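**Q** Sequence:
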Amino acid sequence: MQVASFQNITSHYGADEVLSGVSFQINSGEKLGMIGVNGSGKTTILRILTGEQEQTAGEILIPSDVRVGYVPQYVKHNDADTTMEFLLSDYRAISENLRLQEENLEKVLEKDTNAALRAYQRARDDYDRVDGDLFPQRAEAMLDTMALKGKEDQKVDSMSGGEKNVLSLARALLSEPDLLLLDEPANHLDYLGVAWLEDFLVRFKGAVLIVSHNRYLLDRVAGGILELDGGKITRYEGNYSAYRAAKLRKLLAQQSDYIANQKRLARLEELVRRFAEIAKVYDSKEWGRRLRARRSQLEREKKNAVEKPELNQSALAAQFLSEETQADIALQMRDYTRGFDDFTLFDNAEMDIAGGDAVALVGANGSGKTTLLKDIVERGDWSNHDLRIGPSMNVGYSAQQQEVLDDDRTIVEEIRDAAPMTSQSAFALLNRFMFQPEDMQKRVGELSGGERNRLQLARLMAL
3 MQVASFQNIT SHYGADEVLS GVSFQINSGE KLGMIGVNGS GKTTILRILT
53 GEQEQTAGEI LIPSDVRVGY VPQYVKHNDA DTTMEFLLSD YRAISENLRL
103 QEENLEKVLE KDTNAALRAY QRARDDYDRV DGDLFPQRAE AMLDTMALKG
153 KEDQKVDSMS GGEKNVLSLA RALLSEPDLL LLDEPANHLD YLGVAWLEDF
203 LVRFKGAVLI VSHNRYLLDR VAGGILELDG GKITRYEGNY SAYRAAKLRK
253 LLAQQSDYIA NQKRLARLEE LVRRFAEIAK VYDSKEWGRR LRARRSQLER
303 EKKNAVEKPE LNQSALAAQF LSEETQADIA LQMRDYTRGF DDFTLFDNAE
353 MDIAGGDAVA LVGANGSGKT TLLKDIVERG DWSNHDLRIG PSMNVGYSAQ
403 QQEVLDDDRT IVEEIRDAAP MTSQSAFALL NRFMFQPEDM QKRVGELSGG
453 ERNRLQLARL MAL
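Under our numbering, the first residue of the sequence shown carries the number 3, and numbering increases by one thereafter.
Please note that the accuracy of each hint is not assured.
With a straight-line Cα cutoff of 25 Å, these simulated SDA-like cross-link-like pairs (lysine to any residue) come out [unchecked claim]:
{"id": "1", "residue 1": "371", "residue 2": "387"}
{"id": "2", "residue 1": "151", "residue 2": "234"}
{"id": "3", "residue 1": "78", "residue 2": "411"}
{"id": "4", "residue 1": "78", "residue 2": "52"}
Estimated spans, in silico, between C-beta atoms of each pair [to be verified]:
{"id": "5", "residue 1": "78", "residue 2": "354", "range": "20 to 26 Å"}
{"id": "6", "residue 1": "273", "residue 2": "462", "range": "35 to 41 Å"}
{"id": "7", "residue 1": "59", "residue 2": "101", "range": "54 to 60 Å"}
{"id": "8", "residue 1": "434", "residue 2": "305", "range": "32 to 38 Å"}
{"id": "9", "residue 1": "40", "residue 2": "278", "range": "31 to 37 Å"}
{"id": "10", "residue 1": "434", "residue 2": "205", "range": "31 to 37 Å"}
{"id": "11", "residue 1": "434", "residue 2": "101", "range": "53 to 59 Å"}
{"id": "12", "residue 1": "65", "residue 2": "108", "range": "56 to 62 Å"}
{"id": "13", "residue 1": "409", "residue 2": "294", "range": "37 to 43 Å"}
{"id": "14", "residue 1": "359", "residue 2": "12", "range": "26 to 32 Å"}
{"id": "15", "residue 1": "358", "residue 2": "415", "range": "46 to 52 Å"}
By construction, these hints were calculated from the structure, which means they are not laboratory data. Model, not experiment: these values are computed from the prediction. Yeah, the Cβ is synthetic: ideal placement off N, Cα and C, and Gly gets one too.
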């Protein structure tokens, strides 16, 4: 049974075509991974499936009895929401609508009864669909399942990125979806969280479409890979490793065809050159006819030439350390203590990082990693005993939730806001981070999650 079908879908962002005649289907219980470069349209496909975004052309088929759950890359919430309020937000809207329709049914005149009854029935169906009478109890049980028990009253805004991801997944699962859409679900999860996610998805009985750059997650979970490239979808059977092997075989075959095609074109060009010389010498109609025929053949074959495969992907060009910022001390931590209410994150912690060191900070979700980074950015100074920063060091910060970026600016304006520079210098810097000339006037709010991450790194380089 199909739970979703894309039929020749085209989508535009402004004048730019993002999807071009995309077709694929998702069957019941099937687990698919979707991959593609940043900005290729992966999130666009998820938003079209959820109805958040409309396609330019084509048809989406989702049976009326199929329930779709969606976990976006970035969790949207009200700053004042507690964990339980976040989980109950959809339920409360449905419950309130049912209450209003019940009140309206009591007030309407006889001539309006049919319309009111239909509105009430729709509200009642929505309520029953989420098992409304038991929804609050199910939400509490879900917190326990997701290892969030005891955090019912914690503000969502104070949670770590990984905890927010788990909470967003919990809300999606409460609807008991037949199709679960996940946009970079492993982002911000610690290794235990990723292992739990893998096990959960393997056991999940519904269909899953996962957008992810985590090859290990896709190896463990995916039974098929959808590759989005140039606005087109190509399906490969098997997990990510099987996809890589099939893709490599395809590229090598294309490379072989390309080399053979280039040799053939070279022979034709040489033949045209020789025919042209002969036609000049003999001034013969027959040789002129042969020359025109070969030139026409060469033009046709050039139009249908085999494209050169891209065997090497572009890479970021970043250099963060300069002679001016080399120092013996990058960060010196002494007697660093930090916590919230009665919960201690750090207790007289000590650490030394020398200039030029590359250090990974690891720990469970909620252990204080982001808190430490924010404290270093906001409080770190040579004169600060507990968080001492080397005097020649510039501190840059690439935030999890990307709050340093302004959605209303163009990407060039964002870079020039980080540091004074000409537009030409901003173009050159952005190009090193794989932004193309046509991207320069894009608004930050138009960028995909991966593009926003690259922009944040470019901002760091500008400091």
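**Q** Name the hints, by number, that the structure is in violation of.
**A** 2, 5, 6, 7, 9, 10, 12, 13, 14, 15
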